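Residue numbers (our numbering), protein chains in the order written: chain Y, 1 to 339; chain H, 1 to 339; chain U, 1 to 339; chain R, 1 to 339.
These aren't lab readings, by the way, just hints derived from the structure by calculation. All values reported here derive from a predicted model rather than from experimental measurement. Check each hint, because a few of them may be wrong.
Identical copies carry no separate label here, and so any pair may be met within one copy or between two of them.
[Unchecked claim] Heads up, simulated SDA-like pairs for lysine to any residue below, C-alpha to C-alpha not over 20 Å straight-line:
(1) Lys111 to Ala312
(2) Lys219 to Arg118
(3) Lys219 to Arg74
(4) Lys309 to Ala122
(5) Lys309 to His124
There are 4 protein chains.
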Amino acid sequence: MYFFRNDYSEGALPQVMEALGRTNLCATAGYGMDPYCREAAEKLKVRFACPDADVHFLVGGTQTNQTALSAFLRPWEAVIAAETAHIATHETGAIEAAGHKVCTVPSPDGKLRPEQIRAVAAAHTDEHMVLPRLVYLSNSTELGTIYSRRELQAISQVCRELGLYLYLDGARLAQALTCAESRLRPEDLPDLCDAFYLGGTKNGLLFGEALFILRDSLKPGFRHAIKQRGGMLAKGRLLGLQFSTVMDDDLWLAAGRHANELAARLSQGLRDLGYPLLAASPTNQVFPVLPDALTARLAQDFSFEHWGKPDADHTAIRLVTSWATRPEAVDALLSALRP
Amino acid sequence: MYFFRNDYSEGALPQVMEALGRTNLCATAGYGMDPYCREAAEKLKVRFACPDADVHFLVGGTQTNQTALSAFLRPWEAVIAAETAHIATHETGAIEAAGHKVCTVPSPDGKLRPEQIRAVAAAHTDEHMVLPRLVYLSNSTELGTIYSRRELQAISQVCRELGLYLYLDGARLAQALTCAESRLRPEDLPDLCDAFYLGGTKNGLLFGEALFILRDSLKPGFRHAIKQRGGMLAKGRLLGLQFSTVMDDDLWLAAGRHANELAARLSQGLRDLGYPLLAASPTNQVFPVLPDALTARLAQDFSFEHWGKPDADHTAIRLVTSWATRPEAVDALLSALRP
Amino acid sequence: MYFFRNDYSEGALPQVMEALGRTNLCATAGYGMDPYCREAAEKLKVRFACPDADVHFLVGGTQTNQTALSAFLRPWEAVIAAETAHIATHETGAIEAAGHKVCTVPSPDGKLRPEQIRAVAAAHTDEHMVLPRLVYLSNSTELGTIYSRRELQAISQVCRELGLYLYLDGARLAQALTCAESRLRPEDLPDLCDAFYLGGTKNGLLFGEALFILRDSLKPGFRHAIKQRGGMLAKGRLLGLQFSTVMDDDLWLAAGRHANELAARLSQGLRDLGYPLLAASPTNQVFPVLPDALTARLAQDFSFEHWGKPDADHTAIRLVTSWATRPEAVDALLSALRP
Amino acid sequence: MYFFRNDYSEGALPQVMEALGRTNLCATAGYGMDPYCREAAEKLKVRFACPDADVHFLVGGTQTNQTALSAFLRPWEAVIAAETAHIATHETGAIEAAGHKVCTVPSPDGKLRPEQIRAVAAAHTDEHMVLPRLVYLSNSTELGTIYSRRELQAISQVCRELGLYLYLDGARLAQALTCAESRLRPEDLPDLCDAFYLGGTKNGLLFGEALFILRDSLKPGFRHAIKQRGGMLAKGRLLGLQFSTVMDDDLWLAAGRHANELAARLSQGLRDLGYPLLAASPTNQVFPVLPDALTARLAQDFSFEHWGKPDADHTAIRLVTSWATRPEAVDALLSALRP
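Just chain Y, same shape as in the assembly:
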């Protein structure tokens, strides 16, 4: 069985496993107050060129989104997001569970547009409605698409103009930064966002997300927020050590690039075979539309997710590559799709 189900099917990059083994018996303080976390935070702030950022390490993406958004917002403040946003679809209402409405707008490609942000803000006129206060983006998006640097700049400008926080969910940020089309660089993000996170879970760590808080007013009390929401890992060192490891030699970018390259090979192969793609994704998620019979046959040897039914006879599936995907797996899949 070849896995194209997601980018968190395996454990971790060998360098990460090696580091965990090497330091296993070193004793440190708990809860992220250890040297590994300090070192990782330093490396991250250097790489993203934001010496004044607060960097926090959390275990997973839903936890990071929920903790950050609920710490940043007052009770009546709301989030603006694409209707495809992870927080709107696949986090079991975690943001609402923390008390905040997510105002969604349609988005066929998973991206939010400046004019949509303006429209939501303008539609909320008085105290009988929530007050939109934070824009949530994911990059790459849930459909594998990316925001160009220019697009992010335009959104960032609208946010500043309207007094909205800009928060970027970077569960797959490495993939976004390393895809061929991208002009975005790590050091661009601190200028554009009020907070963002760099995902580790979907890019070769056992688990872990590194949250950057740029805006000063959002910094105080955040460790209280993490602890209160159950996100403060006792052996926080595991988070620091993993991030510290992948920051060396830009190993995190290499892992993202590997995933993208295999996805590109997959996309090209699918196109060559004449299968349409649901969205034109330059990153590590590919959404081919296949005849139902073929989908069923494919499922015997390959693990993947069903994404939708564009018509009665076809299924859109999601194929995800990762740091762990081998070229042979891609070739096997393309081979299986050959008539």
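Start from chain Y and add chains H, U and R according to the hints.
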């Protein structure tokens, strides 16, 4: 520097690390729907003799407590706990953050008594007050003390009589079960409790807690609850694999026993040296009272927590042993305390 | 200035004011445990033919919706509603503030369809998504439209089939029941709904909503829920007395009918004058589309709400009649609109 | 049956009822945006000498406390209160339901001391604990006692020093200000508190509390908070009109004074008869300790609350006087207690 600060200063038991390395590149489904989790749940249900329990794996203790209690209770229902309870002191109000009041009662030794439970229940008489509905115990307690089997039976009986759920926080359950004084067996717990968890973080896992839900009415929807509170680990396999590993040959009990034995050696040594202990703990937390000057000197070579100031010239400190504590460390500490 | 802004611009029906004055110095128990509340609940249960219902009195609609829905749902359960629903648009995210997502579907006329309910339920397939559990309807709707008895029956049947609670917001239930088109009778509602409320605020009371809970499993603890959300009026007698008063001689229905009749006169007049209506409302809200210049001129002597801009030169306005609207006001308005 | 059960057993002061009747058919904007509310806010700001305060009208005390505290605090921030505080005992955990822990300290007389505030603040040292951020007082307290001006000043100073907000629950503020012992004046409060409310429900209004927010940073968004928590009364004019009425000629103070005077007569009579009082209350709540048999007999003709059982044979009861209590009722009660 010798660490007696806590029982989560190091990584994991060698067997756990070995298993993680061995399976690192195996691909599995995410979110705990993998064979390792299934296997671990089976082993746990066998060892605790509760074939009908639901077993869930979570990352940490605060997360487990918050997720379980908020899933079990209606909005106006409250918790009864000792004032020393972890949920009342060191979880940043996580239970209140989930909407529920914690009704605390005094407890010099960290234990709750049946008559205290009765008193709290009786004092809440109408709809202007919260409705106490769940009793929270930790075993071993935050002061290292334990509940005997008979004590737990008495509490369980009161809970049934009053229609209260009994929830046991087993962050240090292995230590409670393996201390010399204990008559409690793993297989006793399912009969006594409506839910309880077996802690891994403080007993040799990188992280992880295994929650058992016994009462049928509390079972539905719990995976929704985990996801909504950000506790569903993408690579859930890490939890299953670790628990599966330590269930073999009762490795979890051996780890707890080791911690207790070194703590007993420490306690005996302290008593021999004439230092009073704050609480008579039969498990892996020891609370000696030392002159302030000695405390300061000790801190140069040993890492530990300050617990309180019984008088102007003395400090109570907490010394914690674990699966990773070496006898030499205990000897070095006792040696440093010798006049 | 003539008021067509809403149906809560004035105080209360003269009978209500008389009753309040008459009983002002009678002393009673507080918090709704008084004879007036008992009497009112009895009358309501008789009139709606539901002797086993629990009836609770609350002060306002948002409070009633928030208290009921948060008491009925588990944390991960969600609401299905039309995108025009009051809870989705004009309650400042009160349902989300209580932790629950509102899943909305498009509705040009403010009504929800059985197939939309089915579609939302079917789209929520696993624990990564909220679990839709309650259907929220308003009748009459926010656009003045109503559900026929047959439509409600179809929705109720879908809810039962899918295990969803059916909750009806009756802020303007009297108006829905008394409009010419309606075949729905008060005694139909208990069979169709799990809970519903009869609004008083928008039908001639100073304030007050009467919530009926029909489903037994939703009844326990509800007074705790009211108190916890700040909705338990100290002088609860005011609620009981007002409802008791308007239940006599079906005064509540007469008040609703009056509002509808004046709205019908208004609609007819507007149609006769050639102004299009945004929605064909048979109840006490009328939405004419007027040229902008005329809208501005009208605002000098009449108070009303702007509802939207169908095109660059026109404004849709909302005209609301009530128990307090006089025929002269309607005539004055129509007169002002005459070319 | 004479009522000494509470101070909200009857309707409203005749002047209030008259005003409601007189203005019943005047049409106004809803939700507190009407001339009566504006006028009342002006009068309140003049009387309390705080021209820059924000004044909001809410329906009840629990609602006011919950709305204010949850609007003022970040998620991890907590409240310091006496263990007798209304928010800690008789509001069904409304503050916890809004996510915040209430840290209580013992208080035999219902009052909080500066050193208790310091101690709670000092005990919360890191992110594993909540962060105490707001001090809650009630004046008069739940035991009828009052804070002197000097006591309030000392508390206010501690709050400023420690960066804590000071919030005063004035459900019975009129009674506190008018009792013989009081040196506190209305115009003192804005200097001492960050927010406080003047209660109407327990002082002759049908319902209503007037919240003053003094600290600028706590002002923004508060109308959103009111609406989101279901506290925004559609016919908000009822609140404004009532407060406007009782501010004239200091009718509110006269009502409080009347209650106090009858309570003093009651206290004196009880003392003369040799019955001990649980607390020395200078305001309108009196707590005599009576033999059980006498308590039972008394209950046949008088309505009151049981407060506690100081010993096996005696009951402490609560007797409350109000604007509506007649001297004959007091005399009848004393007469019934005569041997």
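Hints and how they fare:
| no. | hint | result |
| --- | --- | --- |
| 1 | Lys111 to Ala312 | neither (27 Å within a copy, 29 Å between copies) |
| 2 | Lys219 to Arg118 | neither (26 Å within a copy, 25 Å between copies) |
| 3 | Lys219 to Arg74 | both (14 Å within a copy, 12 Å between copies) |
| 4 | Lys309 to Ala122 | between (35 Å within a copy, 13 Å between copies) |
| 5 | Lys309 to His124 | between (35 Å within a copy, 15 Å between copies) |
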